[in-house]
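Participant: Take a look at the letters that make up each chain.
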Amino acid sequence: LAKTTQPISMDSYEGQEVNITCSHNNIATNDYITWYQQFPSQGPRFIIQGYKTKVTNEVASLFIPADRKSSTLSLPRVSLSDTAVYYCLVGEDNQGGKLIFGQGTELSVKP
Amino acid sequence: DVKVTQSSRYLVKRTGEKVFLECVQDMDHENMFWYRQDPGLGLRLIYFSYDVKMKEKGDIPEGYSVSREKKERFSLILESASTNQTSMYLCASSFSGGREQLYGYTFGSGTRLTVV
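Residue numbers (our numbering), protein chains in the order written: chain S, 1 to 111; chain U, 1 to 116.
Hints listed in this document are in silico derivations from the structure and should not be mistaken for laboratory results.
Glycine is no exception: its CB is placed at the ideal position from the N, C-alpha and C atoms.
Some hints could be false.
Claimed, not checked - Computed list of lysine-lysine pairs in DSS-like fashion (alpha-carbon distance at most 30 angstroms, straight line):
#1 S/Lys3 - S/Lys69
#2 S/Lys3 - U/Lys3
#3 U/Lys53 - U/Lys18
#4 S/Lys69 - U/Lys57
#5 S/Lys3 - U/Lys57
#6 U/Lys18 - S/Lys3
#7 S/Lys54 - U/Lys3
#8 U/Lys13 - U/Lys53
#9 U/Lys3 - U/Lys55
#10 U/Lys70 - U/Lys18
#11 U/Lys18 - U/Lys55
Stated by the list, open to error - Computed far set for chain U versus chain S, every beta-carbon distance over 10 angstroms:
#12 Val4
#13 Val24
#14 Leu45
#15 Asp59
#16 Arg73
#17 Ser87
Between the sequences and the hints, there should be enough to build the whole structure, so can you do that?
Facilitator: What follows is the structure, given as structure tokens:
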């Protein structure tokens, strides 16, 4: 399972765009990149998943360069309620394979 | 709305007790997982199951066992609870793949277990 590296914490202000980058140099050909969001005292929640290029949904965008050795989660116009821990994971999630969570990035959005 | 339901939100147990944590999912998922989460250590995988009556050890299985008699239910068992098992326990489930549409894990809300 590929290891991921992401910043421990980030600060932002309401209305800003936030980009969280994750490194996964040893990503395997069959691995997908998945991001989760976790609020205090809750389980992680699936945000977005992708394999290559760009994926966008109603919550976020995921940018994956051609070499797939990194990925960037983009949160447009964050609000206070986006304050949470964001986890980047790589693995064969499309096949239900187990995922290993790293430390995550603690995003703090300030007014 | 699809759900993973954990039977208790908070539990307080005494050292040496046998503790059962129950998890039920209504999505017909094949895979189910138990994690524990501790400050500074993140989420760590305890056990997982790919099918009924199947189980696989995760990264920290010591002191735990699991049971999966039905597809929708995955139980975590602490045979003899100890204070170092005080933690937040999270259950998750996922589809086993085979489709173009990708699915992530769905987590329950967690059980905060305190062993005194």
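Participant: Holds or violated: are the alpha carbons of S/Lys54 and U/Lys3 at most 30 angstroms from each other?
Facilitator: Holds, because 28 angstroms separates the two Cα atoms, which is no more than 30 angstroms.
Participant: Was U/Leu45 rightly flagged as not at the interface, with every chain S Cβ beyond 10 angstroms?
Facilitator: Given a closest Cβ separation of 6 angstroms, the condition is violated.
Participant: Check the hint pairing U/Lys70 with U/Lys18 against an upper bound of 30 angstroms on the C-alpha distance.
Facilitator: Distance ~21 angstroms between U/Lys70 and U/Lys18 Cα, so the pair holds.
Participant: Is the straight-line distance between the alpha-carbon of U/Lys18 and that of S/Lys3 30 angstroms or less?
Facilitator: violated (35 angstroms)
Participant: Taking C-beta pairs only, is U/Arg73 more than 10 angstroms away from all of chain S?
Facilitator: holds (17 angstroms)
Participant: Does the alpha-carbon distance linking U/Lys18 and U/Lys55 stay inside the 30 angstroms limit?
Facilitator: holds (20 angstroms)
Participant: Just to be careful, I want the Cα atoms of S/Lys3 and U/Lys57 compared with a cutoff of 30 angstroms; is the pair within it?
Facilitator: Holds - the C-alpha atoms of U/Lys57 and S/Lys3 are around 19 angstroms apart, at most 30 angstroms.
Participant: Would the pair U/Lys53 and U/Lys18 pass a check requiring their Cα atoms to be no farther apart than 30 angstroms?
Facilitator: Cα-Cα ~21 angstroms, so holds.
Participant: Regarding the assertion that U/Ser87 does not contact chain S, is the least Cβ-Cβ distance greater than 10 angstroms?
Facilitator: U/Ser87 clear of chain S: closest Cβ-Cβ about 13 angstroms, beyond 10 angstroms.
Participant: Is it true that the CA of S/Lys3 sits at most 30 angstroms from the CA of S/Lys69?
Facilitator: Holds: S/Lys3 and S/Lys69 sit about 11 angstroms apart, inside 30 angstroms.
Participant: Going by Cβ atoms, does U/Val24 stay more than 10 angstroms from chain S at every point?
Facilitator: holds (14 angstroms)
Participant: When you check the alpha-carbon spacing of S/Lys3 and U/Lys3, does it fall within 30 angstroms?
Facilitator: holds (29 angstroms)
The structure does not agree with the numbered hints 6, 12, 14 and 15 stated previously, though it agrees with the rest.
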